[in-house]
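Peer 1: Sequence:
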Amino acid sequence: MSAQRRRSGPFVPGDRVQLTGPKGRMNTITLEADKVFHTHRGTVRHDEIIGLPDGSVLTASNGDEYLALRPLLADFVMSMPRGAAIVYPKDAAQILALADIFPGSTVVEAGVGSGALSLWLLRGVGPEGRLASFERREEFAEIAQANVAAFLGEEPANWSVTVGDLADELPAAFEPGTVDRVVLDMLAPWECFPAVSDALRPGGVVICYVATVTQLSRVVEAIRATGEYTHPEPVETLVRGWHVEGLAVRPDHRMVGHTGFLVTARRLAPGAELPQLKRRASKSEFSDEDVELWTPGSLGQRSTSDKRLRRVVRDAQKLASETGADLDSAASDTGSAGHATAPATDVAADGDADQPR
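Oh and the sequence shown: position 115 is 142 in the numbering used here, straight run, nothing missing.
Mixed in with the good hints there might be a few duds.
[To be verified] With a straight-line Cα cutoff of 16 Å, these simulated EDC-like cross-link-like pairs (lysine to aspartate or glutamate) come out:
hint	residue 1	residue 2
1	K117	E263
2	K334	E165
3	K50	D81
4	K62	D74
5	K62	E75
[Stated by the list, open to error] Just the calculated beta-carbon pair ranges, DEER-fashion:
hint	residue 1	residue 2	range
6	E75	A275	33 to 39 Å
7	E272	R52	16 to 22 Å
8	T205	R72	52 to 58 Å
9	V266	P229	18 to 24 Å
10	G131	V266	26 to 32 Å
11	A194	V39	43 to 49 Å
12	E272	E300	30 to 36 Å
13	V39	T86	18 to 24 Å
14	A101	D61	37 to 43 Å
Everything labelled a hint here was simulated from the structure, so no lab data went into it. For each residue, glycine too, the CB sits at the ideal point set by N, CA and C.
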């Protein structure tokens, strides 16, 4: 078992290093002895970086200066191999806050996607907590396991990945009323509410991440229809940077706008009836036919090809292999899921360590 990835101290072989050039362009590499990082302007020898402290500045062969830093988790998830769209750091931060992910908690996540949210949740629950991730597609599970191992240096013992449908697998994995938090990042989270309601403790939190207003409407109404939760609270998060240079102070021309909606609700005690809010009358009546027209299936869904997923699996496992991560635990973690992680390959991929992120 390899040691967990170092977060400070001098750079050593196997470390991921983010090099920022004179124009702000970032390149992330994995340090190896006797290896050279090439740009179209000059080269940087890995041996010149090894042994330097984090935050050092070094000079390339053409005289350009590069800032060397270990990537933050937010940097890593934005550049790691992806099989599915990731949960952006701005939404991951909100999930940790709105769901109140605390050290020592038991958290269920579905689906796992490329592992970005899993990394944030593992950081939130801490070594004393437990994260149980469920994913329908085996390729996504393998990508997530490789990405988590690449960043942490190993697969944490308090994380399990099960390939299967949450509605089917959750009752077998947890006794009723033993889960603190449930995070649903999936196409139709309302299909899982019966199993989720059974697993959650009274007062526990369910939070759903959905991308479209059609899903937002459906999931909010489905939570209300159960009669087992507090009033759902939907929000979205917009992030806008600012340019500040002397007296030139203005919003950035680009911003991270809509990525998804977060819907949060808390589990009521068994038999409890939620007091109704006093509201002004509104046009909120709808039929089952109306709801059906708002389902993602009716609107169409983009899917990732099997060929592309196999390539991303190789990319993620190659990244984990380059950084010296131990993937041996993948077979034990997913043995009940019916698959084991394949060994990393030497196939060249878009996520090569010396390519721009």
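Peer 1: For every hint, state whether the structure bears it out.
Peer 2: Results of checking the hints against the structure:
1. The suggested pairing of K117 with E263 holds, with an alpha-carbon distance near 10 Å, which does not exceed 16 Å.
2. For a cut-off of 16 Å, the pair hint linking K334 to E165 stands: about 13 Å separates their Cα positions.
3. Taking the CA atoms of K50 and D81, the gap is near 20 Å; set against the 16 Å cutoff, the hint is violated.
4. With a C-alpha separation of about 7 Å, the suggested pair K62 and D74 falls inside the 16 Å cut-off, and the hint holds.
5. With a CA separation close to 10 Å, the supplied pair K62 and E75 stays within the 16 Å bound.
6. The hint said 33 to 39 Å for the Cβ distance between E75 and A275, and at roughly 36 Å that hint holds.
7. The supplied range of 16 to 22 Å is met by E272 and R52, whose beta-carbon atoms lie about 19 Å from each other.
8. Checked against the hint of 52 to 58 Å, the pair T205 and R72 passes, with Cβ atoms roughly 53 Å apart.
9. About 34 Å separates the C-beta atoms of V266 and P229, a value inconsistent with the hinted range of 18 to 24 Å.
10. In this structure the supplied range 26 to 32 Å holds for G131 paired with V266, their Cβ-Cβ distance being about 30 Å.
11. Under the hint 43 to 49 Å, the C-beta atoms of A194 and V39, about 45 Å apart, fit the expected range.
12. The hinted window of 30 to 36 Å between E272 and E300 is violated, with their beta carbons roughly 57 Å apart.
13. For the pair V39 and T86, the beta carbons lie near 21 Å from each other, so the given range of 18 to 24 Å is met.
14. One distance hint, 37 to 43 Å for the beta-carbon pair A101 and D61, is violated here, with the actual separation near 31 Å.
When held up to the earlier numbered hints, the structure conflicts with 3, 9, 12 and 14 and fits the remainder.
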